[in-house]
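Chain H: place on chain X using the hints.
These protein sequence lines map, in sequence, to chains X and H.
In this text, residue positions in the first sequence follow our numbering: the first is 3, and each later residue adds one.
In this text, residue positions in the second sequence follow our numbering: the first is 1168, and each later residue adds one.
Since the hints were derived computationally from the structure, they do not count as laboratory data.
Worth double-checking, as some hints may not be accurate.
Quick list of in silico lysine-lysine cross-link-like pairs, PhoX-like style, CA-CA up to 20 Å [said to hold, decoys possible]: (1) X:Lys-241 x H:Lys-1270; (2) X:Lys-103 x X:Lys-187; (3) H:Lys-1354 x X:Lys-32; (4) H:Lys-1267 x X:Lys-241; (5) X:Lys-783 x X:Lys-818; (6) X:Lys-283 x H:Lys-1267; (7) X:Lys-137 x X:Lys-92; (8) X:Lys-181 x X:Lys-137; (9) X:Lys-290 x X:Lys-241; (10) X:Lys-885 x X:Lys-920; (11) H:Lys-1354 x H:Lys-1323; (12) X:Lys-903 x X:Lys-858.
If you want the ones that stay clear, here's a sample from chain H, every Cβ over 10 Å from chain X, calculated [what the hints assert, rightly or not]: (13) Lys-1217; (14) Asn-1223; (15) Leu-1244; (16) Thr-1247; (17) Asp-1268; (18) Val-1302; (19) Phe-1309; (20) Ile-1317; (21) Asn-1320; (22) Leu-1321; (23) Val-1338; (24) Arg-1344.
Cβ atoms here follow ideal geometry from the backbone N, Cα and C, with glycine treated the same way.
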Amino acid sequence: MALTIVSQIFPREMIPAVLPLIEDKLQHSKEIIRRKAVLALYKFHLIAPNQVQHIHIKFRKALCDRDVGVMAASLHIYLRMIKENSSGYKDLTGSFVAILKQVVGGKLPIDFNYHSVPAPWLQIQLLRILRLLGKDDQRTSELMYDVLDESLRRAELNHNVTYAILFECVHTVYSIYPKLELLEKAAKCIGKFVLSPKINLKYLGLKALTYVIQQDPSLALQHQMTIIECLDHPDPIVKRETLELLYRITNAQNITVIVHKMLEYLHQSKEEYIIINLVGKIAELAEKYAPDNAWFIQTMNAVFSVGGDVIHPDIPNNFLRLLAEGFDDEIEDQQLRLYAVQSYLTLLDVENVFYPQKFIQVMSWVLGEYSCLLDKEMPEEVITKLYKLLMNNSISSETKAWLISAVTKLIPQAHSSNMVEKLIQEFTVSLDTCMRQHAFELKHLQENMELMKSLLPVDKSCEDMVIDSSLSFLDGFVAEGLSQGAAPYKPHHQRQEEKFSQDKVLNFEPYGLSFSSSGFTGRQSPAGISLGSDISGNSAETGLKETNSLKLEGIKKLWGKEGYLPKKENKLGDEIEAQAIPQENVIMENVDQTITKKDKSQSLTQSKEEKEKQLLASSLFVGLGSESTISLLGKADNISQFRKKSKVKEIKSGEASAHSMTGSSFSSLSNESYEDYYLDTLQDRGDKELIKKISFNSELLDSQSLTELPVVEKLSSCSLSAPSLFADSNMEIFQPSQSTAASVASEISLVSSLSEDPTEHLRSDLKEVCNNETISVSFYKIWKDDCLLMVSSVCNKSSSELKSINLEIVSAENFKITEQLGSCLPVMEAESTKSFQHSVQMEKPCTEGILSGFVKYQIVDNHSFQLEFSVTLSLLDFIRPLKISTEDFGKLWLSFANDVKQNIKVSDSRAALPSALKTLQQNLRLHVVDIIGNEGLLACQLLPSIPCLLHFRVHADVLALWFRSSCSALPDYLLYQCQKVIEGS
Amino acid sequence: MEVKLCVPGHIYSVTEDLDSCDKLRGSTTLAINFYLYLERYRPKGKKMIKFFLMVNKQGQTRLSKYYEHMEMNKRTLLETEVIKSCLSRSSEQCSFIEYKDFKLIYRQYAALFIVVGVNDTENEMAIYEFIHNFVEVLDEYFSRVSELDIMFNLDKVHIILDEMVLNGCIVETNRARILAPLLIFDKMSES
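This is chain X alone, in the form it adopts within the complex (with noise of 0.2 Å):
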């Protein structure tokens, strides 16, 4: 009973603790125990896996037990592992084979059938692990092609468990490597399911389609009235199954029917979920396959309509992106835009109609850019209509703002300007500030037309925009504040501290609320400076100053330095604060709002002003969506790929543009909730500077590749250390002597030569990884201070020449490699030995882990070879000495937050502590810092600079180890390893 507790309710802190108990329990003789205490390691394995990793064997061990239960439930397990790793267990293939063939031969016991089916569960479990198992695998979807064909056959009998078995059969016929007799009996299996009576075989028949049609889209023509049939089924949900899978076989011939069917469903189905779905499928399919112009904009005219707000960002912003950048021929283009733009005058006509907001801001940006177009549509006029749906109260601000944008866009082309002088007059009185500000924009550009004409240029949102985030044009301002004694900018970083000691010093204890908030938007405010100044490259007022120095166009030129300098002048002081007043004068008002209120009631006024600026921010993001400069152009195909090509770039330039916005704010920022948006620009801009290549600024790029000097550095000090050892190593040997001779002879000479180095890296013996006739492929570490080398030898036996070899190792999981010398080789001679090298790094602390990899050749007469080999790699190999004084201990010993604690036994306890001294010294490469009486202190780091500090006291027999490190795995597995160590000496 315990033991099923433990497995229900158990806190991850714990499990040290018992741990050892729960491992006894697997020896017990009762199954029922066995197979509980199995069920409890599986819950850690679920909490915590690296503190059960250890016992890897033990589950090897349940796997084989005498009782159906105890292998079922480690099962389990392996599912798990297996998902997360299929490679790790390939090995294990035939014992599931094996397995799944005694329980559908009905090897188990009676009480195990339900309904006459043996053990129904287990044998679904083990289809899904061969599944998982044979994925893209030949080799071991081979070992399983007979017990599946076995349980195709055995699962005849008409009862609806059997059918469960048969569907889980078929996915994984379909989804391991293919063979043709197996896929023709599993498609026979489906035409069961799907002509069958029975509603709930229909569902699974459909959704068994789904998968297999992926692979064989003929498969959906053989079943096709029933496709049909189905999708005027009165059942919603057998519909929805049906959708899904014309969804997958959707080609440009059939599009306009099955999104015809899609908005239907649409129309009835009230769910959220589903309508954000489908709604997301249709228009990934409208923009891949569309056939025109017109049906284009009416769909995602339903699209936008239908799916309301609700509907994904991504799917607006690719359609403005879609309709900005065009396809490859101008004219469709224009004429697409165009169509969009009368299809929105007309819905717009159409009175006492709610649209979404979402579909608003679509709207008003389209007509924005492209109402230009129209000939016989004045500007005005739809001036006028924006005016109406301005002050429609339904609006958000946030809409209002893509609105006002627009409407900010036309007045450059309008005659009249009557509706423009209403609207700025309503507005500059409006209590949002937000659409304030605008107003106040509004009308400073329209005194000045020629300077409103150069910035608000017509149908130009596709141009390059430079924009300067360094700020240069700030300089001259920032220096005169200086010169004035203002106090400097204080990065984020320096201001929080000093905050901090602060409040130590005094302890404001009534203020604590007011503290807390300030502190709160002292964090959130730089976000908003950098925001500003990034845009303020747009900003219109800027464009005042330095008309020369920027080039500008396009929208969203409306917020920016204006909106934000107060607050960095806030920063800056109140010196500048008070010069800043005749400066500003535009937004005086603002800045007055901001400097009275500051004093009295800051976290009110910086709470509203926040959610502002994530308003603002967030329209801000939306508008940089689209105004981003990726050349999709139509072929929407691309646009999958694309996000895959991005996804590297999206996250450098997360970390680069936390780094390049002024402090780290912006990842504070970005933790938060719109991360959203953030994650969307970025992706945009990382595509941007992927094609484009223009640099979004220095700064960006800079700190982008100072993430990766590090790394980079140590690979060249790495190589510059050992110049020698390379050219060594890099020797090439020949041997006149047969050819298995050859191989270990010129490992010997191999090997001998290296030792002749005077290089004081420790390293492996040579240790052969794979060989055949023709090629052996040898490897050896060497420990260097700053990575671990890999080196492998690849030695040619046979008495020809080979060509294009090519030694690569696949990048895994946990590890970064980099290739230290050329991994590929035009030619090499008969009976030579050749080396490569490669440095490793580990990236995520694990006790072990497999580096695979293979070897390319081509012999003479062009006949490509390739060897597979796999090394194993241990922490070790990434633990080095710490050499640091006892002071230095102590200070990293407090600043570490992950300590784990342990205590071994050990048997003679005078010699215990320098014997384990020595022990973990010579073993685990730890540096001895001090001994102080019975209490030892040791320093490791793991590569490339994870320090790991252990304390160690010795009392009576029992050793107390406690570690602390900053990274939260890696004292657990060190304890792991040191335990092995001590209780092995």
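Frame of chain X; chain H shown alone:
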């Protein structure tokens, strides 16, 4: 606020984080965005079975067991919605319903509905039959089980269910083995 992606089975949940975040920001839209964000990055497909419900036709919950953390008020909300959608279906419609981002599989025994919520990696038919297996076990233990049996022996039903489902996985389907611990308990309480 640091957001930990939730570890399955652990008591932390998105919703809790969401609430505290909500208080801080005072903005619901943010909270929703935040939630959607988490939804996207939450590791998917870890839990097979999300919950197990026994509800009668009047909408009274007889037994509920959740394998994923959910707040109390949300549970009641979910239960009412689930039973509503089950009741709205006729016998010739299929017993699987898509509900939000997961699937419901239900089976009716007289006036009692058994509803299981699963994620979409699960084999629906297997669960469908599993429900039947569960009822068969109850039937064997109570000999002709009725709603009253379940009401008055809730503890035992829970023990049976715990034997069969653990951490959202089906762990035992052998009837004799499921009942073995329960029978031992009964013997102990008798003596």
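Structure-based check of all given hints:
no. : hint                    : verdict
1   : X:Lys-241 x H:Lys-1270  : 15 Å, holds
2   : X:Lys-103 x X:Lys-187   : 19 Å, holds
3   : H:Lys-1354 x X:Lys-32   : 18 Å, holds
4   : H:Lys-1267 x X:Lys-241  : 16 Å, holds
5   : X:Lys-783 x X:Lys-818   : 15 Å, holds
6   : X:Lys-283 x H:Lys-1267  : 16 Å, holds
7   : X:Lys-137 x X:Lys-92    : 11 Å, holds
8   : X:Lys-181 x X:Lys-137   : 13 Å, holds
9   : X:Lys-290 x X:Lys-241   : 23 Å, violated
10  : X:Lys-885 x X:Lys-920   : 16 Å, holds
11  : H:Lys-1354 x H:Lys-1323 : 14 Å, holds
12  : X:Lys-903 x X:Lys-858   : 48 Å, violated
13  : Lys-1217                : 15 Å, holds
14  : Asn-1223                : 23 Å, holds
15  : Leu-1244                : 14 Å, holds
16  : Thr-1247                : 16 Å, holds
17  : Asp-1268                : 6 Å, violated
18  : Val-1302                : 12 Å, holds
19  : Phe-1309                : 19 Å, holds
20  : Ile-1317                : 20 Å, holds
21  : Asn-1320                : 17 Å, holds
22  : Leu-1321                : 17 Å, holds
23  : Val-1338                : 6 Å, violated
24  : Arg-1344                : 6 Å, violated
Figure legend: structure checked against the earlier numbered hints; hints not met, in rising order: 9, 12, 17, 23 and 24.
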